[in-house]
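Colleague: Now for the letters of each chain:
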Amino acid sequence: MFTQLTAGLNFQGTALGLRAERQRIVASNIANSDTPGYVARDFNFREAMAAATGQGKLTRLAIAPPAASAPRHTAHFAITGTVGPSGTDKAEMGYTVQTQPAMDNNSVDLDRERANFVDNAVRYEATLRFINGYSRTILSAIQGQ
Amino acid sequence: MSMFSIFGVSGSAVSAQSQRLNVVASNLANADAVAGPDGQAYKARQVVFETVPMGSNASSGVKVRSVVESNEPMRKVHNPSHPMADAQGYVNQSNVNTVEEMVNMISASRSYQNNVEVMNTAKTLLLKTLQMGQ
Numbered sequence: 001m002f003t004q005l006t007a008g009l010n011f012q013g014t015a016l017g018l019r020a021e022r023q024r025i026v027a028s029n030i031a032n033s034d035t036p037g038y039v040a041r042d043f044n045f046r047e048a049m050a051a052a053t054g055q056g057k058l059t060r061l062a063i064a065p066p067a068a069s070a071p072r073h074t075a076h077f078a079i080t081g082t083v084g085p086s087g088t089d090k091a092e093m094g095y096t097v098q099t100q101p102a103m104d105n106n107s108v109d110l111d112r113e114r115a116n117f118v119d120n121a122v123r124y125e126a127t128l129r130f131i132n133g134y135s136r137t138i139l140s141a142i143q144g145q
Numbered sequence: 001m002s003m004f005s006i007f008g009v010s011g012s013a014v015s016a017q018s019q020r021l022n023v024v025a026s027n028l029a030n031a032d033a034v035a036g037p038d039g040q041a042y043k044a045r046q047v048v049f050e051t052v053p054m055g056s057n058a059s060s061g062v063k064v065r066s067v068v069e070s071n072e073p074m075r076k077v078h079n080p081s082h083p084m085a086d087a088q089g090y091v092n093q094s095n096v097n098t099v100e101e102m103v104n105m106i107s108a109s110r111s112y113q114n115n116v117e118v119m120n121t122a123k124t125l126l127l128k129t130l131q132m133g134q
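Chains C and D are the protein sequences, given in the same order. Per this note's numbering, residue 1 is the first one in the first sequence, and the count goes up by one each step. Per this note's numbering, residue 1 is the first one in the second sequence, and the count goes up by one each step.
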């Protein structure tokens, strides 16, 4: 019974961990925006989430259409070139695709990274609010008031 | 909490950019110098950045690997009355390209600001995480 009570919290907790991980990667990209030869990294959040929670759960919770009809993320990241698992469970990191090649082979697009950073920060906060709301719901259910 | 390493990453970038700014300041200050510590005219310096892995491969900081001297030819100015003038009346001035240094300065300052902003955002997020469940 208790696992059912906290299943939603676990899901949001995993999402929060992945968001923190992505925030870290984007921060590294921004930090290395002037390093010659640095290759920007990123990971596909949807796939990382599916790997971290197990497919069955995600298909039940996911509202997003299948990857073929959602070109937004797959077009941005070449997921094929992986270096192995990152700090998270099974999330595979990819390299971002260059839009404007630089002379020093640095593939960081600072505008995109900044947008990614802000976007990820907002989503991180949203996940936090979900957790807060969820815990408040459980608390009021326990207290019965 | 894995997000704490953002401060390490962005901090390393801020420190590297400030070193770059330092080098730019030194170059601009010596733009018209005719003699350096070794008796030769001042040579422009540039920093070389290098990626440093920090913990996992998800976070990588940056550091200044070395400061290299430019090999551009010295600027020759015809001024026979100058005490450092050679037999033909030319004075060797530093090879600093002022326009290049100004661009370098703006770029370094923008990168510095970017990384400070990243740290601020990370701090806000971590503080909100601390208040979780309240």
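Quick caveat, the hints were computed from the structure, so don't treat them as lab data. A virtual CB, placed ideally from N, CA and C, is assigned to each residue, including glycine. Warning: the hint list may mix true and false statements.
[Claimed, not checked] Some chain D residues close to chain C (C-beta under 8 Å, calculated; not the full set):
hint	residue
1	2
2	3
3	9
4	12
5	50
6	58
7	60
8	89
9	90
10	111
11	125
12	129
13	132
Colleague: Give me the numbers of the hints this structure contradicts, sorted from smallest to largest.
Modeller: 8 and 9
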